[in-house]
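Student: Input sequences plus hints: build the corresponding full structure.
One line per chain: the protein sequences are A and B, in this order.
Residue numbers for the first sequence follow UniProt numbering, beginning at 1 and rising by one.
Residue numbers for the second sequence follow UniProt numbering, beginning at 1 and rising by one.
Keep in mind that the hints are not guaranteed to be accurate.
Note that identical chains are pooled: a pair holds if it fits in a single copy or bridges any two copies.
[As the list claims (entries may be wrong)] Using 25 Å as the maximum straight-line C-alpha spacing, the simulated SDA-like pairs for lysine to any residue come out as follows: (1) Lys119 / Val276; (2) Lys261 / Ser161; (3) Lys119 / Ser515; (4) Lys10 / Leu398; (5) Lys367 / Met471; (6) Lys211 / Ser84; (7) Lys10 / Glu293; (8) Lys510 / Pro95; (9) Lys119 / Leu278.
Treat the hints as calculated values from the structure; they're not laboratory data.
The residues making up each chain are set out below.
Protein chains: 2
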Amino acid sequence: MSDMDEYFRKREELMLKDRALRYDHATDREPSADELVADKVLRDIRAAEADSVWDPNCKTEHPQGSQQMFPGMEFLTARATIMSTRLFAILSKMPKGGLLHAHLDATVRVDVLLELAMKHPAIHVRAPGKLSAGNFKMVLPEFRALPQAQWTQILSITDPSYEPNTWVPLKNARNNFSDALGGPEGFDCWVVGALMIEPAEAYGTHNSTAKIWEKFESTFRVSDGLIRFVPVWTEYVREFLLSSIEDGISYVEPRILFWSKHMVGADGEENVPHRVWLQMYERVLNEVRASLEAQGRADEFVGSKIIYSTLRIGTPEELEWYTEDCLALKQEFPHLIAGFDIVGHEDSLEPLIKYADVFLRSKERQKELGVDIPFVFHAGETLGDGTAADANLYDAILLGTKRIGHGFSIYKHPHLMEICREKGICIEMCPISNEILRLTGSMPMHPLPAIMNHGVHVALCSDDPAVFGNMGLTFDFFQVFVASEVNGLNTLRELVWDSIRFSNLNEQEKDHALSLLARRWAQFVRRIVEEYGVSDAAGKPKN
Amino acid sequence: MSDMDEYFRKREELMLKDRALRYDHATDREPSADELVADKVLRDIRAAEADSVWDPNCKTEHPQGSQQMFPGMEFLTARATIMSTRLFAILSKMPKGGLLHAHLDATVRVDVLLELAMKHPAIHVRAPGKLSAGNFKMVLPEFRALPQAQWTQILSITDPSYEPNTWVPLKNARNNFSDALGGPEGFDCWVVGALMIEPAEAYGTHNSTAKIWEKFESTFRVSDGLIRFVPVWTEYVREFLLSSIEDGISYVEPRILFWSKHMVGADGEENVPHRVWLQMYERVLNEVRASLEAQGRADEFVGSKIIYSTLRIGTPEELEWYTEDCLALKQEFPHLIAGFDIVGHEDSLEPLIKYADVFLRSKERQKELGVDIPFVFHAGETLGDGTAADANLYDAILLGTKRIGHGFSIYKHPHLMEICREKGICIEMCPISNEILRLTGSMPMHPLPAIMNHGVHVALCSDDPAVFGNMGLTFDFFQVFVASEVNGLNTLRELVWDSIRFSNLNEQEKDHALSLLARRWAQFVRRIVEEYGVSDAAGKPKN
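Tutor: Right, dumping it as structure tokens:
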């Protein structure tokens with residue numbers, strides 16, 4: 001053996017050892033013949049589009065002026081380009097498995113939400129000041145469904161006579177929105193701007209995590225009045241389920257925020273308790289299932305469970321009300337309640353340690369009652385190093401979290417990654433969310449490869465797609481796939497499989513879900529092979 | 001023991017285990033009483049200034065519009081603010097140990113370089129086109145020292161009669177720079193703009209690594225004609241040494257680029273060979289040492305060695321000329337030549353593997369000749385994952401690199417970090433360089449904590465301070481210190497110590513350097529205690 005042969009042998013050995021912990025490399029399963037072809041197709045298309053679509057000499061409009069494009073660049077300015085790619089078209093057809101981290105209140109396109117709301121004369125809108133072209137983005141709309149006795153006849157929210165903070169029927173406000181502010185489309189623009197993060201915010205004025213969270217949180221304050229109204233909420237849930245299924249997602253495990261103790265009923269009274277929320281959720285779920293069955297599409301969806309969430313604010317005593325509430329709901333809806341979490345900005349709100357006592361007691365209570373509600377804690381969604389938000393990772397693990405929501409900062413913690421690997425604690429990674437909320441500059445800067453290379457299991461998630469515009473999971477898979485040349489078809493497959501393996505489905509449900517998934521996966525791979533045949537470098541379809 | 005006591009015990013244990021590999025935590029050395037106080041002072045000042053200086057509601061002028069400030073934010077827009085802080089004042093007095101990664105041609109402030117050049121009538125400048133306010137930033141100056149016979153009398157580079165690409169004496173070009181373009185100050189502005197990276201470039205128009213490298217490389221093309229001229233070069237070296245010493249650096253190990261086979265001599269002829277470069281370097285070094293001795297400051301500086309560098313372009317045969325050249329120089333200047341490296345943009349130029357054969361042969365030749373020139377390879381200065389630039393890390397390690405230049409992407413490689421930890425391969429981390437060259441959005445996003453937490457040794461370095469404006473090492477220490485709450489005085493100390501421990505000084509030289517360092521460190525810590533006393537939260541001086 002020559003010196004260089006020997007060198008190449010050692011090099012190959014070193015690379016394999018370095019990637020040995022990666023679960024998409026360590027898999028026992030032999031790829032199928034179709035998978036080998038499809039892997040090459042995907043890699044070739046990625047390489048071809050890196051030049052043809054993401055040419056660094058092409059520029060895109062950006063709040064910072066025209067900027068260079070590159071694979072994995074900032075999502076909000078790249079979105080239209082992403083959708084124009086062949087790779088996106090392929091990934092949109094991929095069966096995605098489960099969606100394990102999404103906040104229900106931010107899962108439906110905001111234009112669809114507005115349409116749903118428009119159907120209900122009970123919904124009114126008000127503004128805290130006079131709207132003008134100058135303050136359009138600063139003055140936020142507030143929505144509320146009112147009891148009929150409080151409905152108003154006010155015609156316009158932009159008329160000079162409009163008294164700030166008085167309610168205007170939604171339809172009036174939209175139809176009579178002043179021409180100077182763009183008429184009804186101007187109204188839509190105003191509302192959409194308050195419900196979503198725009199490129200100029202994420203990449204311009206709100207460039208830091210702290211600042212963009214101010215905008216992020218405000219979108220929930222605005223949408224709350226639209227969503228937390230029974231007639232809208234039920235249709236919102238339906239839309240969430242259906243649009244997820246359209247994107248190839250076969251199971252969803254949303255976090256639902258039970259912070260408000262009541263929802264507003266159809267009569268405009270805020271008196272609908274949590275157990276009714278779950279009854280409604282289950283009804284819609286069953287309706288969706290039935291309609292899929294009627295269409296012969298039952299195999300596309302295995303169902304949904306819920307992670308009970310409340311906010312990481314308040315006293316331990318206040319939190320205990322929620323852990324008890326969750327326990328009661330679990331006893332009534334054992335098949336629906338699948339986890340418990342506290343949510344909100346980790347950097348500025350309360351750390352897990354503050355409530356450790358409550359969580360430990362809740363575990364005791366679960367034992368007494370013979371139920372199991374795993375913790376599925378947010379932790380480490382931060383750029384802080386050694387801060388309380390970073391330390392949430394320690395507590396999440398010590399408290400026995402089943403998965404970690406975000407876990408962004410875990411790549412800095414070798415021992416915690418080791419524990420996650422050994423105990424099978426999966427990280428719910430939300431790459432586009434991380435980028436827009438300024439934890440990472442772009443996907444090539446994202447620590448996901450470090451986490452995967454340490455053998456930690458990951459489920460890709462969308463977090464708050466209504467706010468970010470990353471509906472479904474295709475966008476997140478796209479951004480991840482283009483940002484690393486290590487990623488191949490098997491990476492996608494393992495991410496998809498993990499989203500079922502680490503879900504809160506029971507073993508029998510998982511087996512069922514995985515067998516359906518395997519069949520759809522084979523079809524997906526087959527279609528790639530049929531359409532792109534023996535791949536050529538340009539990734540052009542065969543015909 | 002109550003449940004919570006038990007919980008806190010386990011929590012503490014977990015945190016310690018997670019940080020056990022960090023060498024600043026694992027140290028056997030007990031901190032001195034002064035160090036304990038100084039550590040608290042530094043942490044308190046950091047916390048106080050995070051609010052008072054880096055208030056997220058304060059804004060800074062930024063190419064993206066006014067933006068929020070935060071500790072560790074983008075260096076080019078933060079620089080003036082950094083310099084206004086108490087923390088910066090303290091760190092500027094810190095003894096820094098060795099500077100292990102800096103490219104000589106970018107180590108002296110560009111205004112100082114311009115001043116040095118102005119003294120030499122041989123130096124001429126030309127422009128490839130007519131200069132106007134509109135193309136000021138696009139038309140780059142070219143400098144060259146000419147033999148006297150070729151000196152010109154041309155008066156102005158901005159006169160309408162100026163013929164593009166004709167040489168103008170530097171003094172004329174500056175003195176007669178058109179008023180419309182700002183006169184002599186306008187000339188300085190033109191030159192400085194071509195030699196440095198401006199915020200609008202790094203954070204605006206050149207936002208990607210690929211694009212900002214275009215600008216970065218062009219600064220070297222422009223400065224080459226000024227620096228590679230014996231009378232300027234020798235003063236440049238002197239300035240580099242003196243300014244480093246002023247910043248508390250006691251040893252420098254610059255990479256000198258030997259790509260050009262000759263330097264331009266005082267007579268304007270390009271005929272000064274490499275061995276004369278080293279003779280000149282040594283002469284200046286001795287002069288600096290003598291002058292320090294004369295001032296009673298000999299303890300501030302232990303000397304300098306050189307890492308022979310050439311570019312990562314060309315054929316293996318061409319590279320072999322340089323490995324042989326380096327060998328010859330090593331035999332003549334065994335005390336000066338301390339390493340070998342190839343430099344340039346890893347993403348677009350040649351990978352180490354292309355030259356592996358040459359490197360292996362060079363090691364054989366060293367054995368034959370009984371000399372040792374360690375490799376000190378650049379590797380992994382990339383956002384690529386699984387790309388050739390990322391794979392340079394495998395080759396650097398297999399080829400036996402003593403340290404790794406940048407090694408930015410190593411945080412993704414668990415096994416490589418393990419090897420570095422076990423073999424004592426130190427990473428030359430250049431945090432400000434990484435940020436400006438767009439490998440990271442800001443310091444809180446930088447993977448340095450991940451690397452340190454994996455127990456890998458790190459030396460902080462400035463890379464190309466003339467281009468970035470991070471003169472000395474104070475800025476880099478500052479950015480690192482404010483970006484993590486794990487960092488304390490002992491982190492600084494270990495980083496400083498490692499920069500000597502992992503230098504190419506021999507064991508005896510290291511012992512000497514470390515004993516001098518220990519004395520200066522104690523003084524530095526004492527001064528913090530004396531000035532800030534028992535720290536108060538606002539970090540105000542005692543008196």
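Student: Now tell me, hint by hint, if it's right for this structure.
Tutor: Okay, the hints, checked on the actual structure:
Proximity of Lys119 and Val276 under a CA criterion of 25 Å is satisfied intra-copy only: 22 Å inside one chain copy versus 85 Å between copies. In this assembly of identical chains, Lys261 and Ser161 lie within 25 Å of each other by CA distance neither inside one copy nor across copies; the values are 36 Å within and 81 Å between. With identical chains, the CA atoms of Lys119 and Ser515 are never at most 25 Å apart, being 41 Å at best within one copy and 79 Å at best between copies. Proximity of Lys10 and Leu398 under a CA criterion of 25 Å is satisfied inter-copy only: 8 Å between copies versus 40 Å inside one chain copy.
For the homomeric pair Lys367 and Met471, neither the shortest alpha-carbon distance inside one copy (38 Å) nor that between copies (61 Å) is at most 25 Å. For the identical chains of this complex, Lys211 and Ser84 are inter-copy neighbours only, at 24 Å across copies versus 31 Å inside a copy, given an alpha-carbon limit of 25 Å. In the homo-oligomer, the alpha carbons of Lys10 and Glu293 never lie at most 25 Å apart, since the shortest distance is 55 Å inside one protomer and 50 Å across protomers. Only within a single protomer do Lys510 and Pro95 lie at most 25 Å apart by alpha-carbon distance; the minimum there is 15 Å, versus 60 Å between protomers.
When the C-alpha separation of Lys119 and Leu278 is checked against a cutoff of 25 Å, the pair qualifies only within one copy, where the shortest distance is 23 Å, while the shortest distance between copies is 82 Å.
The structure is inconsistent with the numbered hints 2, 3, 5 and 7, although it conforms to all the rest.
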